[in-house]
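Protein chains in written order, with my numbering: chain L, 1 to 921; chain P, 1001 to 1156.
By construction, these hints were calculated from the structure, which means they are not laboratory data.
Cross-link-like lysine-lysine pairs, in silico, DSSO-like; alpha carbons within 30 angstroms at most:
| # | chain 1 | residue 1 | chain 2 | residue 2 |
| --- | --- | --- | --- | --- |
| 1 | L | K721 | P | K1046 |
| 2 | L | K589 | L | K677 |
| 3 | P | K1046 | L | K677 |
| 4 | P | K1139 | L | K589 |
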Amino acid sequence: MVDILQEFLLESREGLDQLDQDFIGLEKDPGDMGTLASVFRTIHTIKGSCGFLGFATLEGVAHMGENILDRLRNNDFSLNEQMTSLLLEMVDAIREQLDLIAATGSDGGDYQSLVSRLEALGNDLPLDGAPNEINDNSNDVSTPITMATEVLELELEENDTEEPVVVELDEEMKEVLKDFLQESFENLDIVDSELIELEEQPDNRDMLSSIFRSMHTIKGTCGFFGFDKLEKVTHIGENLLVKLRDGEYSMNEQIATGLLAMVDAVRAMLHEISAHGHDGRKNYKQLIQLLSELKSNGKLDTAELIQKPSKTTPVNATQEPIKDMSGSTVETSKPIEVASPEASSTAKPQGADKSTGAQVSGNAVEASIRVDVPVLDSLMNLVGELVLARNQIVEYVGIHENVQVVAAAQRLNLITSELQEGVMQTRMQPIHSVWAKLPRVVRDLSRACGKQIRVEMEGKSTELDKSLIEAMKDPITHLVRNSVDHGIETPEARVAAGKPAEGVLMLRAFHEGGQVHIEISDDGGGIPAHRIKNKAIENGVVSAEQASKMTDSEACKMIFLPGLSTAEEVTNISGRGVGMDVVKTNIEKISGTIDLDTEIGRGTTFKIRVPLTLAIVPALIVSTGQQRFAIPQINLIELIRVDEDQQSDAIENIQGCPVHRLRGQLLPLVYLQKELKLPDQRSGALNIVVLQAEKRRFGLVVDQINDTQEIVVKPLADALKSIPVFAGATIMGDGRVALILDTLGIGHRARVIGDAAKNTSKNVALEGGENSRPSESLLLVNTSGKSRLAIPLNQVARLEQFEVDQTEMAGNINVVQYRGQILPLIKLSDFLHDRRASNGDEEPLSDQIQVVVFGEEGMQVGLIVKEIIDVVDEVLQVRGKSSRPGVIGTAAIQGQVTELFDAAAFTTSSQELLLGLGEAA
Amino acid sequence: MSQTTSQKYCTFYLDKYYFGIEVEQVQEIIRFQEITPVALAPKVVKGLINLRGQIVTAVDLRCLLELPDREEGKVPMNIVVRTPLGAFSLLADRIGDVLGLADDSFESPPDNLSGMAGELIERAYKLDGKLLLTMAISKLVSAEVLNRTEVAAEAA
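Only chain L is shown next, with the shape it has when bound in the complex (with noise of 0.2 angstroms):
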């Protein structure tokens, strides 16, 4: 029973989250169909199930919902806000009573007011004459049998050969149906020999609910479609079982033979409905009585009765079954013929269609299987094996010559590949799994928020690794959660800001760059950062100064860091100040990273990427004091390579933290040999691993780069697991095992990363202000006397050294011809307005002059400086005001007060000299 009662639990479970977003979808198109067939049967099996469990509770909650669902599937009436509000609260009812049968193995509870709620809608409206006899009985399993049954018994006797109802079904309900089918004839073959099992031992309890709960499966499906006959052949087989279970009958030959008679049945219908549409002409007349017989006396003992079975039914429904469980429909068919010789016509075109039923039945129960998660991981484990032998015997061959070895250690190769796919593949699970759940809690969080939000989804059919499914459901609730309660605003407030009342929450997955990138965004107010910064001061996350200098991006991924909630007041939803943290920390331990993107006014983006999948990955394998490293190449950016001659100029250094120039910015350079305390062992070319972590870039600086590699990934004993520097272990081709180096963790234990790092010079600006402050490259230049002014670099065209007489007067400005243009000069002295220059002790010392080149290409103008310094980089703080015009303000650069130079007004003054020297010209 616990088997039964395990699957119960699991399969109700997928059932209710499928439910959840059903009734989202049924509220904005309350005639889809195929929908509410699938709530029907989902709800109808999770009650047949628990009434034969006997969770009464359970069954009485499910037994209303069911009825409302049964009336909105007759279009009674459809389906409105608060009966969806409804429904979905005895979904969650449902999955409580769940949760405590998995816990103690009882339900239990009071759902008194929803059970009289639910009746109270399904009893408020109107009702059509007739009760839902078929429904009801279905329904209290137990119950009104014998009424049910005679009802059944009359109408039959009525009419023996009914005129079959064909069902006219849209593609939704097709694919339901297609299901159905799939499902039903996978059932049956399993009734069918739990049947015969259940005859030798007839007390296996596990057993009989198996084929209670499959019979009941189908029959509640088919009084879904409208397939009377095989409803009522169903029923009252079910029937049947439920004496079984009640103990009044014990199991024995005839009561199997009629049951197995009504699988059979059961199959050719189905057959019949998978060919046609519809269940048929036959009635099974002989059939239903044998079985009431069954059912009333626990033995068949009317002599007719007696006679006719066992000649027919028996011998053929029994026999050819267990031979040919593929169910051959013209030979399980016949017996009913014979006893029915009315319906003999009609089962030409069964036989005729005998091939094609069989052929869906087969193609129906092979698409696919349920496998166990722990024999896929275990199949994962083996398969990681495999490509490290692969890569062992690859390595190997490839000092071998014997051509037949390297044929097959490429087939091997080839072969492992595919088949790490292929295993890959079967863990690939639609990011939808995650999503599915989400519409509700949307619908549910902005109706208690008073808010009006729709859920968008793109891309719900992106695959990754089930493991990451499993570590992505809790981070992407919280942010979902956190976008309707803090991001989109109340309608009346998006009115005011001229936007739509409803808000969107927009969830888009793909794939890119062998990662999957997961986005959330919401169109509502976005992240104000000053808000974050007041928090973050208040809560002594960061000082006052440390947050004036941030940039708004910088202080928006504050939120990430622990303690911080920007919610005005802390509902019951979130705000509460943990969550953002560990949002970003469960990510990161799948080696995904997040970000954000905020627009005052226009909503927020978090945006996710994770790998595919974790076990096997492909990494950059590099050394260093003569051991090998892998690093995830997920981190890496680029690989630079710095001769030897070379590196005194390349490599500078910042009170002894050294950086390179990389294309104009510094990125700062971690020795792995020095950080992992090895031996140093460098000669020769440096070799710079350009590694990105939380955003930051940094130079790795090891011995060699080897070859890239898929590594499998090997989690390190617990006592290593507190050395931050390491992701894990892997084996190599050579069978030795290397470290796997974790980015994040060297950059941190480097202090190139993190907190640290955000207060040295050494913060460097990653594409071009995105930091606050981001360090500056400075043109310091020499004025009169010994002042110094510095100059953005960025505002530097280019420098220039010109001869003396190379400079000729255009009206009173100097120009000098410079590439094919005139150039027109203008000394610093003159646009500073120094008076102490144009006394004239400020004249070019030499016959050359240095001139900053400052504007487009043809628009030009020189800066003639007496001295160029050096170019620096520097963290700008600007403190004195400015003095003089031209000057922005002072500032400390290298430990000297230093002017700043004002490029805007330069700029602005320089068009003035422009164009009098256009004219002059």
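Please build the complex by placing chain P on the supplied structure of chain L, with the hints as guidance.
Structure of chain P alone, referenced to chain L:
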């Protein structure tokens, strides 16, 4: 040795001492394997070895029990033990027999046994002419014990 054996021990030698661990926990004994050192790891963790695709952490018992270092050139044996914390390889000088020992022939180690030895040695069996000291494996490989020892000295 007693007839009423209650527990079998895999025995090994370390320095001049004779140790034993419960044989059930021993997965296998292998000759010295190539060890990949783990930088920044505690000193007792000699590194990682590849045991048929399984990564096993090697613990130097001499170092753990604060015994003098093994002589240069002497190759330790690996006793691979299976623990709830994963597989570990204990490095020992030499492997002894598997002994079945009666429960009545042991005493608690002397109370004045100090340091790590005092914590890890559970029982002292009085054998003819020598003592067999048995150790608690699950405790030995715990992160807490392994990390207590200092981090490997900085390499030159």
